[in-house]
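Model the placement of chain B on the given structure of chain A, informed by the hints.
Just so you know, the sequences run in chain order A and B.
Just so we're aligned, residue -18 is where the first sequence starts under this note's numbering, counting upward by one.
Just so we're aligned, residue -18 is where the second sequence starts under this note's numbering, counting upward by one.
Possibly wrong hints are sitting among the right ones.
Identical copies carry no separate label here, and so any pair may be met within one copy or between two of them.
Said to hold, decoys possible - With a cut-off of at most 25 Å between alpha-carbon atoms, the simulated DSS-like pairs for lysine-lysine come out as follows:
1) Lys204 - Lys412
2) Lys(-10) - Lys348
3) Lys349 - Lys(-10)
4) Lys190 - Lys(-10)
5) Lys144 - Lys(-10)
For the record, the hints were derived by calculation from the structure and aren't laboratory data.
There are 2 protein chains.
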Amino acid sequence: MRAVDIIAKKREGETLTREEINFFVQGFTRGEIADYQAAAWAMAVYLRGMTNEETTALTLAMAHSGQVLDLSAIAPRVLDKHSSGGVGDKTTLVVAPLVASLGLPVGKMSGRGLGFSGGTLDKLEAIPGFRADLTTAEFTTQLENYGIVVSGQTHDLAPADGKLYALRDVTATVSSLPLIASSIMSKKIAAGANIIVLDVKVGRGAFMKTEAEATALAELMVKIGRLAGRRIAAVISDMNQPLGNAVGNALEVIEAIETLKGHGPAEFVEHCLSVAAQMLLLADAARAEADALAQLRAALADGRALKKFGAWIDAQGGAARVVDDYALLPRARIVEEIVAPQDGFIAGINAEQVGLTVVDLGGGRAKKGDTIDHAVGVVFQPKVGARVARGDPLFTLHANDRAKFDAAKARLLAAYTFSPHAPALVELIHKVVR
Amino acid sequence: MRAVDIIAKKREGETLTREEINFFVQGFTRGEIADYQAAAWAMAVYLRGMTNEETTALTLAMAHSGQVLDLSAIAPRVLDKHSSGGVGDKTTLVVAPLVASLGLPVGKMSGRGLGFSGGTLDKLEAIPGFRADLTTAEFTTQLENYGIVVSGQTHDLAPADGKLYALRDVTATVSSLPLIASSIMSKKIAAGANIIVLDVKVGRGAFMKTEAEATALAELMVKIGRLAGRRIAAVISDMNQPLGNAVGNALEVIEAIETLKGHGPAEFVEHCLSVAAQMLLLADAARAEADALAQLRAALADGRALKKFGAWIDAQGGAARVVDDYALLPRARIVEEIVAPQDGFIAGINAEQVGLTVVDLGGGRAKKGDTIDHAVGVVFQPKVGARVARGDPLFTLHANDRAKFDAAKARLLAAYTFSPHAPALVELIHKVVR
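Bound conformation, chain A alone (with noise of 0.2 Å):
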């Protein structure tokens, strides 16, 4: 077997076989395969496209590129839970705890912010002492201890698909709709779960931006990981404008926390219940939806919630205290309410405008290994459909720097739109790809 002749036989739309996938990506992994092959080939594949078939041999050969964690040995099921990445995501800091404090085990590994598109590990990191950076040890050990564990990837984990991110980011072939399947299940099948929900996001701050290229990704990634074996489902939401109140790592950590207090915004409360539920479902926790609710609705009434959070955070070295203290958090200097310069209804907040002035403001990174400002953010209350007033309160400002500050509030009331009438609001939950 040849690169280069595989390499032609997806430049002339042909399907590889399983046995050429795995030879290309082992010797891709080893070096004995070029980048500029492997570049070539990416953009054959993003040409011409993939089978499933395809798509779920490139994904395997890619989660076994490395270590594949077992965890069957901590428990028959481990449910792990992954965004496609957006704007105010802070769905795992809650859905995590409430899921584990039913019992069920949470293992999940997780990324880093890039762009407009923040990342939870960040988040946790906004809170003193929390470490991201698990061994492989370490993680089995807290899964098994406390029933909950969310870290940053070891370097072992599917070192093919960091090669060839790397690459793909460099040669114009992210956006493929096998390619970007393949490494985000190859990643959740190397970290050992075997019970999957995934999240994957539509609209203005999301990767994907329509419905139909965020339902045909679900679909893909859904059948990616029956074949190999794993229970799995895909919720599709919104993500036209932020997702709850807060954006920006320590803000979201108040809002997680208020959430498992009772205390959430009802777009993200009913948000993270309807990801959670799936979790439920998929582990056979609950016969029908409506039950998983009404589990999980008590979990966060009684406190169970709450309590399984400071655990964890405490189990993995973090000041636990910060639930009942968000002074412990960073603050920055300057925080200012911004008002609204018109009356009407708030009939949109773009979404990635908003991720991307929290980058400007230091809170997230235009490069991968850009240090962040945990402090910086924004905080909106009300959002899309409510009617304001001018000089009613919109967003209240978190900065550090008075230029970037003067920056965001010009940036944040341009993300607005507002109409006279009420605009029709989305659901946001879209649909659920089983």
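Then chain B, alone, in the frame of chain A:
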């Protein structure tokens, strides 16, 4: 401007501007644009194509990535011919001195053989002492003093093409019309001739297998040449059976000299005259094809072309006495005649199989850098269309190794098709593209 944006634009099938193509080629030549980016770009070009304007811009960018020879101080018109590569193609050895003997300066940079296709420089180097590695200064001086020079490409000629070609070879992006055309034409333009006749081969022993492909390539190269200010035409010629009788370096030198002496195989003579006539017409050295042919036949008949050949070989350090003494050329130890295994008409001699057989004998290269045995090869007599009886001579095989001889004999006999009926004969010159 960013390389990744240019790749993405081509990936989407859009038309690149001249500025974008120049940026990409210059960056790639300087090593600022990585091999993997050029590979992804080449695959996008392969699958999305290029307009004639884009291909011309690419050609000129690659031509100007190094030195572009200006031969105008030597002569207002310098002629070149270029073959797309075939089996038994010793046309340059005849046409260059033939045209030069009429007072028209011929300055050609030529290549080496690879795979089934032979190379002019390898053939010339069968002559003891012949130097194919002239410097640029030697190239121009010889052109000025002798009116004829054929040498290898200098290192600084279209370096972007050399770099891109090496990359295409290992990324399955060779057989792309705009990439092939721009590769050939960038070298032709950099080499300085302003009158160019292309000999585009079509058939089993050529890179273009169908007349449609060959015509498309010829038309594209003619357009590029014209847009670059060259006088240019393309002959499309048959390469299903080997050209002439001899295949193998020293054997082809002998056939070329015999042709210059007026004893060449009729079909090969016709081919040389057709190519040379196009050169005369483009140079305004003949009023019409009949006039051109008459001049060329006269130069063959009265020995002017042969004399020019001798002067040329001598000027480049070769043993010009070879003209009268073929014993100066290397000769194989095993030379045996092979006879027809059956009665019938010769309906086909698969040129690609012949070319690969000569490579196996040691007379060509399986990969770049392989050394060559100039002595080995085969002389076919009779050829396609002839009627033979079992036991009649079919070909003479020249080898330096008994095992290789046996393998070549079997492979060559398998390359024949016999028929009880006279086969329809293919015209040698399919068409001329102007």
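Practice prompt. Enumerate the violated hints, using their earlier numbering and listing them in ascending order.
Written response: Of the numbered hints, all hold.
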